[in-house]
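Here the protein sequences line up with chains A and B, keeping their order.
Our numbering applies: residue -2 is where the first sequence begins, and numbers increase by one.
Our numbering applies: residue 125 is where the second sequence begins, and numbers increase by one.
FYI, nobody ran anything at the bench for these hints, they're computed from the structure.
The beta-carbon is built from N, C-alpha and C at its ideal position, and this holds for glycine as well.
Among these hints, one or two may not hold up.
To be verified - The following label-pair restraints were derived from C-beta to C-beta distances: (1) G75(A) with Q326(B): 44 to 50 Å; (2) D485(B) with P81(A): 38 to 44 Å; (3) D290(A) with I331(B): 55 to 61 Å; (4) Q326(B) with M79(A): 28 to 34 Å; (5) E330(B) with S42(A): 35 to 41 Å; (6) L354(B) with Q78(A): 44 to 50 Å; (7) L354(B) with L74(A): 30 to 36 Å; (8) E330(B) with G33(A): 52 to 58 Å; (9) G75(A) with R142(B): 31 to 37 Å; (10) R180(A) with T396(B): 35 to 41 Å; (11) L158(B) with L74(A): 35 to 41 Å; (12) G43(A) with T396(B): 46 to 52 Å; (13) E330(B) with P285(A): 54 to 60 Å.
What the hints assert, rightly or not - Not everything, but these chain B residues come out facing chain A in the computed CB check (under 7 Å): (14) L381; (15) E382; (16) Y383; (17) A386; (18) K388; (19) A389; (20) L390; (21) H401; (22) P456; (23) A459.
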Amino acid sequence: MSEPLLQVDDLRKAFVLHDGRKLHAVRNVSFVLHRGETLGLVGESGSGKSTVGRCILKLQQPDGGRIWFDGSDLTALGPKQMLPYRPRIQIVFQDPFSSLNAHMRIHDIITEPLRLHTKLTRNQQEARVAGMIERVGLDQSVSRYFPGDITASEQQRVGIARAFICEPQCVVLDEPTSALDPRARSNLLALLSELQLETGAGYLFISHDMNSIAKISDRIAVMYLGSLVESGPAQAVLTNQKHPYSMALLSSVLYPDPARPPHSYGLEGEIPSAIGVRDECPLVGRCPIRQPDCASEYPLLRTVGPGRQSACRYHERLGSIS
Amino acid sequence: MLSTLNQRRWRNFRNNRRAHWSLWIFGILFGLSLFAEFLAYDKPILIRYKDSFYTPIWNDYPETEFGGEFETEAVYRDPEVKCLIATGGLEGCLDDPEQLIADSRDGIVNGDPINRGWALWPLIPYSFDTPVDRPGAAPLPPNSENWLGTDDTKRDVLARVIHGFRLSVAFTLIVTGAASLIGIVAGAIQGYFGGWLDLFFQRFIEIWTATPFLYVIIIMFAILGRSFWLLVFLLVIFSWTALVGVVRAEFLRARNLEYVRAAKALGVGNMTIMFRHMLPNAMVATLTLLPFIITGTIGTLASLDYLGFGLPSSAPSLGELTLQAKENLQAPWLAFTAFFTFAIMLSLLVFVFEGVRDAFDPRKTFA
Chain A
-2 MSEPLLQVDD
8 LRKAFVLHDG
18 RKLHAVRNVS
28 FVLHRGETLG
38 LVGESGSGKS
48 TVGRCILKLQ
58 QPDGGRIWFD
68 GSDLTALGPK
78 QMLPYRPRIQ
88 IVFQDPFSSL
98 NAHMRIHDII
108 TEPLRLHTKL
118 TRNQQEARVA
128 GMIERVGLDQ
138 SVSRYFPGDI
148 TASEQQRVGI
158 ARAFICEPQC
168 VVLDEPTSAL
178 DPRARSNLLA
188 LLSELQLETG
198 AGYLFISHDM
208 NSIAKISDRI
218 AVMYLGSLVE
228 SGPAQAVLTN
238 QKHPYSMALL
248 SSVLYPDPAR
258 PPHSYGLEGE
268 IPSAIGVRDE
278 CPLVGRCPIR
288 QPDCASEYPL
298 LRTVGPGRQS
308 ACRYHERLGS
318 IS
Chain B
125 MLSTLNQRRW
135 RNFRNNRRAH
145 WSLWIFGILF
155 GLSLFAEFLA
165 YDKPILIRYK
175 DSFYTPIWND
185 YPETEFGGEF
195 ETEAVYRDPE
205 VKCLIATGGL
215 EGCLDDPEQL
225 IADSRDGIVN
235 GDPINRGWAL
245 WPLIPYSFDT
255 PVDRPGAAPL
265 PPNSENWLGT
275 DDTKRDVLAR
285 VIHGFRLSVA
295 FTLIVTGAAS
305 LIGIVAGAIQ
315 GYFGGWLDLF
325 FQRFIEIWTA
335 TPFLYVIIIM
345 FAILGRSFWL
355 LVFLLVIFSW
365 TALVGVVRAE
375 FLRARNLEYV
385 RAAKALGVGN
395 MTIMFRHMLP
405 NAMVATLTLL
415 PFIITGTIGT
425 LASLDYLGFG
435 LPSSAPSLGE
445 LTLQAKENLQ
455 APWLAFTAFF
465 TFAIMLSLLV
475 FVFEGVRDAF
485 DPRKTFA
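So that you can see chain B by itself, here it is in the shape it has in the complex (with noise of 0.2 Å):
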């Protein structure tokens, strides 16, 4: 249950429209990529084959399972597969299997019955490394098979850009609570005890700070090799210093504060006068820089994929699409798309923590 304090702030967010209305877009958008295997991926949601369901998305089936030939996993794309489920498993699906797809609609082949197998698929039967089957050179333009057209590796934009956007805003709510934890907590501890202990740590910041995180990122990567969770490491141990500076600032003020001086007079531990007593009055400084910090984690890993130094290259990345946008300026609808995903992801997201800062602010009076 919320309290009367967290109630009154939700009621602040939810008078600002606009802010109200992102967090809803935002939410969804989110919440549907959360499901991206359902939107877009290259294996059916559910198999009807001889009279039992299959799951392709959470098991591995081997072809032999639908009567083909292959040991390994069933390619749910290829026509063999498609008409081996379509038709309960006839030996002919093997030879030609969009002649007997065909000839199996009326559920009579060769004039005997067959067990008829259905395939539901999702929205868009490609995930985001799939290579598309179509004629012509790549990148392919937009049509009603590829919504968004393809990339010049033949993937389908739209696949990517679903499961990309996933990526992205988990990559970046990641790297942005950890960093965000580790700054509150410095920056917390340096401005109430300030002195000797702020000094060293303020000097150790600037040295921090100074490094070229580029290079550590290249270096690492070429002895540890690539991986979402050293980049999220990387990222995290470069970028706490963003909110050190005004949660010490802030705490600096506060720490001369009368209240402060009250709950010391009353013996109120350190511990609990700085993460109960004054963290709440610095949270409005801390969450106008949220946003910042959000948009530049967005934009740092879009740039670092830009630039080939972010996630694994098969990995659906933004950056990337971005980077073959300028490679292929023939193909518009690359370029265009990264530019809406990027602009609709950061516009939303500045207006959601423009309101919640709002909300957050004790003094600022709502109509």
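So that you can see chain A by itself, here it is in the shape it has in the complex (with noise of 0.2 Å):
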């Protein structure tokens, strides 16, 4: 395949807490993202997915790794030089409205970006706004309105378009779809996807909701506590996992069909706390197929097929428990 995208390499983030320790949000992520492509990433909360995305849009600055993006190394530039980047890579965050600035209108909203980046005309950037406006499903006459005027799908429409309308070539989406009803939601990935089609434009899929994700990912990375557990092809890692705690993620999807009983392959215990840094597999306290070497070495990804990657080193052990 062509040169990826996007492609993160060892990427690593701590915050440091107010009595000094370390709280390690993201360790160790590695992954690419091609053109065109949607990489779903899941995980439960607090296991550091949206620090991935907002270390790749430099919103934090990441402590160690690479992120290369069309060829560049992002993390080594400073905010001057990172500005003309600004509009190839855009966000689209969880809550609709309050990734709205309450005070500006929906069409001044959707313009800054242009006012920022291009050199348009007034009337150009108006024709590229109304036209927006138009794909991403919205009437004309919000442009007047504020963001609190308007419907919660209605506002992330609203970010999707001012996410697009420089022409990104990389979207980073943080759980767009976990504040919206379910009819909402499979409207905006329909959406999502067809903008996908006609842009080109890799996606980074950031969700902890299983259907979003099996409905909008070409691939899906799997994190957990910090570090990416495993990752594949959509289809592959959705049925036939190569890492416990995949399994236990996808086992705890609940299905609306009382034939369908809920699985009851689960983990032991809590997510554990990602404060300080231990030396093991972070999933070695709750793990029903941990072996002793478990405790004593951080696992890396490691290909365990096509495609797919592994930080479990006892895998095929999954299939007799299962």
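With the hints as a guide, dock the two chains, each given alone in a separate frame, to form the complex.
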């Protein structure tokens, strides 16, 4: 395949707490994203998936690792040098209302990127904005409104319009559907898929919602406690997990189907704290197939099949318990 | 032209009838007081003398201009000058002006026609520092000449209130405006950037606010002498910290909101994010505090004047009036005037800003 659009190498980000201890939000995360592809990044709340998205946009400065975008290392760029890349990498946020400035009109919110990054005349801007408003399925009349005057799903469409107005090549979708009801959710996913087909943008789709991930992703990466534990083609990861955590995560999905009983394959205990570094498998305390040496070494992703990677050394044993 | 957002705010403000009426009343009172020289002054607005017009408020004329003896500025309240103007500069005015004025009513003095003149006086023919020529021991009670009586140096109280109101409000607006501007910028920078900058700035403010500002004012006045602008400067440098806390808190909260992240992801500059994106959202909290700062500044000026460390002693000061009221309990018109002036002024201001605050709140709905 051609050169990846986005390549994240060994990304690390820790937050220093008030008592000096470190919370490792992201540890040794590496993945690639190709043009026109959707990578679903899935994990529980607090697994560090949003931090990955923010590091890619340099909203947070990573502690280590490299972020290659279209051949340039974004981590080496200062705020000024980052400017030309801003319209090319965009983000859509989780909370549609708080991601829009309540004191700005919809029209001004969508126009702002154009004012910053293009030299279009006023009329050209108006035409672009009007086209974009129509493209995301909104009525032209909303452009006069304030974010508080429209519904959550309309707000999220405005957020998408703002992100796509400069025709980005890469879009981080940080749980864009989690604040919406199921119908609005599937409409929004359909819109995102259409936009991807039209623009050829690569998506990093961050979510904890397995149904959305399954619907939109070409490949899936599973995150647990700041680390990637498994990745691979969407269908393969959804049907045949190579890591006990992914298995538990997938089996926790509830389907509105009484004939399909909730899966009972679970993990012991709660997600542990990400404070402090331990040289052990992050899942060691909860894993049903743990081995004595799991507690002595931090496992890195290893290739376990065509396009598939897993951080579990004993994934072969998974078949025996499910 | 107002933007529709501001139109909506104005509409919301108008719907608050108490605030709307308070704004009108305060606006009219302050507007009138801006022209205090036309309401209460010891010089006429317009003089007609020997077929020419004179405007003493803007120009100084020597008494000799009107046929008098002195090269100094004419004292228009003197009967001699009144007589000179009324009679067109007859010599006799210098001997028996009252008699001559009465004589000249019919336009003829000693058989000769005279060139009659006239003077248009302000409603209250006293300025804030004009000594009232009225027999009796000061403070004099109200009568038809001094509607609110005189103070203990025989100055017209109503004239002092009109001039004092203007001075008080102007002083407060200048101090509050400057202090708010500094406070908002300082709070915005601290809250937005946070971290070490915030930590050091906060400690600095703690030390700064611990400075006893009354002593500083006394010392500075002793060195540089009392003046309006020095007092403005001193109050500004000690009152800008009032808004820092609330603006800083708003910015600390807002800088992690997603609309700020979205703006950063778009590459919007820090200054634009701070003052175009975040400040309008922080404005409600800021405006909530503003009435307290304004009324506080009026109170500070009044208490400084009351203590005798305020504006120069000749200035028309409501605080000084309060001090006189305390020292002259036998003259209740002083106390009542001081009390009602402050009560009305502060109430109107609080009502107005209450309405402004509500009108700026985007989450508040109006009927």
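Results for each hint:
1. G75(A) with Q326(B): 44 to 50 Å: violated (28 Å)
2. D485(B) with P81(A): 38 to 44 Å: holds (39 Å)
3. D290(A) with I331(B): 55 to 61 Å: Hint holds: Cβ distance 57 Å, inside 55 to 61 Å.
4. Q326(B) with M79(A): 28 to 34 Å: The hinted range 28 to 34 Å holds for Q326(B) and M79(A), with Cβ atoms some 30 Å apart.
5. E330(B) with S42(A): 35 to 41 Å: holds (38 Å)
6. L354(B) with Q78(A): 44 to 50 Å: holds (49 Å)
7. L354(B) with L74(A): 30 to 36 Å: violated (50 Å)
8. E330(B) with G33(A): 52 to 58 Å: holds (56 Å)
9. G75(A) with R142(B): 31 to 37 Å: Violated, since G75(A) and R142(B) (Cβ atoms, about 53 Å apart) do not stay within the stated range.
10. R180(A) with T396(B): 35 to 41 Å: holds (37 Å)
11. L158(B) with L74(A): 35 to 41 Å: violated (56 Å)
12. G43(A) with T396(B): 46 to 52 Å: violated (33 Å)
13. E330(B) with P285(A): 54 to 60 Å: Between E330(B) and P285(A), where Cβ atoms are some 55 Å apart, the hint holds.
14. L381: holds (5 Å)
15. E382: holds (4 Å)
16. Y383: holds (5 Å)
17. A386: holds (5 Å)
18. K388: Status holds, d = 6 Å.
19. A389: holds (5 Å)
20. L390: With Cβ-Cβ at 5 Å, under 7 Å, it holds.
21. H401: With Cβ-Cβ at 5 Å, under 7 Å, it holds.
22. P456: The hint is violated - P456(B) has no Cβ within 7 Å of chain A, the shortest such distance being about 51 Å.
23. A459: violated (47 Å)
Comparing the model with each earlier hint shows violations of hints 1, 7, 9, 11, 12, 22, 23; every other hint is respected.
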